[in-house]
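Asks: Residue numbers (our numbering), protein chains in the order written: chain A, 48 to 398; chain B, 1183 to 1474.
No wet-lab data here; the hints were simulated from the structure. Heads up, a few of these hints could be off.
[Said to hold, decoys possible] Result set (SDA-like, lysine to any residue): computed pairs, CA atoms no more than 25 angstroms apart in a straight line:
| # | chain 1 | residue 1 | chain 2 | residue 2 |
| --- | --- | --- | --- | --- |
| 1 | A | 231 | B | 1243 |
| 2 | A | 221 | B | 1213 |
| 3 | A | 221 | A | 269 |
| 4 | A | 221 | B | 1363 |
| 5 | A | 221 | B | 1297 |
| 6 | A | 231 | B | 1232 |
| 7 | A | 221 | B | 1223 |
| 8 | A | 231 | B | 1393 |
| 9 | A | 231 | A | 178 |
| 10 | A | 221 | B | 1224 |
| 11 | A | 231 | B | 1394 |
| 12 | A | 332 | A | 286 |
| 13 | A | 231 | B | 1220 |
| 14 | A | 231 | B | 1221 |
| 15 | A | 221 | B | 1232 |
| 16 | A | 231 | A | 269 |
| 17 | A | 221 | B | 1298 |
| 18 | B | 1243 | B | 1232 |
| 19 | A | 221 | A | 231 |
| 20 | A | 231 | A | 185 |
| 21 | A | 332 | A | 269 |
[Claimed, not checked] Example chain A residues on the side facing chain B (calculated, C-beta under 10 angstroms, incomplete):
| # | residue |
| --- | --- |
| 22 | 102 |
| 23 | 143 |
| 24 | 147 |
| 25 | 148 |
| 26 | 165 |
| 27 | 175 |
| 28 | 178 |
| 29 | 179 |
| 30 | 190 |
| 31 | 299 |
| 32 | 353 |
| 33 | 354 |
| 34 | 387 |
[Stated by the list, open to error] With the Cβ distance kept under 10 angstroms, some of the chain A side facing chain B (calculated, not the full set):
| # | residue |
| --- | --- |
| 35 | 140 |
| 36 | 174 |
| 37 | 238 |
| 38 | 316 |
Ideal Cβ positions, reconstructed from N, Cα and C, are used throughout, including at glycine.
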Amino acid sequence: MSVAGQGAGPRDEIGFGRAGPRPASDGQHARPRPLAPPPAGPAAAISSTGLSKRFRGGQLAVDGVSLAVPAGSVYGFLGPNGSGKTTTIRILLGLIHPTSGEHELLGTPMPAGATSVLPRVGSLVEGPAFHPQLSGRANLARCDAADRTADPGTAADRISAALDRVGLLAAARKHYRAYSLGMKQRLAIAAGLLQPRDLMILDEPTNGLDPQGTREVRSLIREIAAGGTTVFVSSHLLAEVEQISTHVGVMRTGQLVFQGTLAELRDRGAARILVRTAEPEQAVKVLAGRGLADVRSGPHEASAQLGEQRPEEINAALVHAGVPVAGLETPRPSLEDLFVELTGEGFDVHG
Amino acid sequence: MSTAERQAAARPARRPALAGGAGPWLRFLRSELRLIFGRWRNLALLAVLAGLPVLIGVALKLSGGGDGGGPAFFDQVAGNGVFLAFASLTVLLTLVLPLTMAVVSGDSMAGEASHGTLRYLLAVPAGRTRLLAVKYAAVVIFGLAACATVAAAALIVGAILFPVGPVTLLSGNTVSLGAGLVRLLLVVLYVAAAMAALGAIGLAISTFTEHPIGAIAAILVLAVASEVSDAVPQFSVIHPYLPSHWWLSFGAILRSPAGGPELTHGLLSFAAYVIIFAAIAWARFTSADVTS
């Protein structure tokens, strides 16, 4: 972030969230500036340079991913299933060693600094996983016992508080194997809430939840973020994270094809001009005559990319040429359209 | 977000510093022991280990004692119930004790991997070396508990069914019952050390797979293969290096004076197996990609 080195203070807020790398409009990966010495102010919560992972089978699961997740952001990590999101998250947490590239969490190089930084990071990786024969509470107690930094004196209270936060306190003594999928998912989130965290990495936290549960998780994430925690949340659905994200990164076949704010994603959509008319052929001639790109026509309409031209001038030209203009619009593609355009049609697994 | 919240974002959450000392290790070990001793399967194994000395004792009582042709110590049981403990350990060392170790050590890492709990333990972070050390410590403790269970059950049954008194050692001289029980304790520790060596092999195998059943089977096959090879005279060159070769050398503890080269060789062999296989487990686990 360009504001990172200016010290703490209100000025830091100016342009916050716009300071990330520019969108990869030229088809190149967005690459953050080279890793500089740790800045004095708030550093990026997650930064990586050229992370790649080739599995032993030869499959390139992650291909040169350079993430820049600003501190305090809610970063939606999007991409179809199989696009490399989970492998990236496993690399971030030090579960998988990258074939090349490096990364930092909260300004600490990983995996060398795992012992000191991971206690400040809560995570949910590829669905919940607990011991089926233990109760929800006993499972959380085990997670807490594994944490060297956890205070055993406050364990019971912290576990109760975490269970309460995800609405599982009443089911705390039930065996994990008796939990519904939604309850399992919540227990995994509760494990991430056993301690105050500076960063939460949540891999598909709403997977398997009903609409009500999805809403609850979304408001939980909002609440966590409001407390100052950076949230990195992956999903294969834009709609899941659109309402809560300040930033998004989009993965496709192992590559980060877009990274930036939601507004920057919206700006990528090229505006079109759409003419409603009974004489589309005439309209097409006028549009093409003005040098507009991608001219198309339908039964009662004609459209083209607007480019740098002004709609009112095009309208004047249409009227001048005698085209009966019934309506004129300048639609922009929806975020969903842009997302699908970035990730490819459908949610097929690539490779 | 407000300015205050922004500043909160910039400030690390308040967390206690890494607690030094043994406290966090012991807490994690207690959690691991609760997990192992809380599993019905493992408790059932302990029940079998306690039940078999009862069967052996009852059989010896009904048949009027050993006939001179059975396994070691069988002939002495009718004269002194304490020997039921030595006889039971000898019999159970052939299969049931190694099976118990195979189950517990084979499940140690592979079980966590198959549940997916391994990735969460590492993300906590439990620390790979620390996790491995705690897992192995728990396996060793369970092995000790298994050996102690056999000895305790045999002692109780032996005292009920047979006379108990001063213990006549294998070298012919007699020591008091108290001194005899101390020797039994040393035997239990020796057998537990043998099982700890097998547990180290099991831990190493367990780091190579996500399937606990596969690991358990592999360890058991290895133990049985070692015992079979040990019984084939043509393999005598490799006998001293087999993991199971020194298991039954605890008879040396029952001589006066106790000990001797057999016992020393046995303990050295166990130590070598622990060091080699703990190193293999460490090298494998600290470099492995956790994809489970």
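Asks: Could you work out which of the previously given hints the structure breaks and list their numbers from low to high?
Replies: 1, 3, 4, 6, 12, 15, 21, 24, 25, 31, 32, 33, 34 and 38
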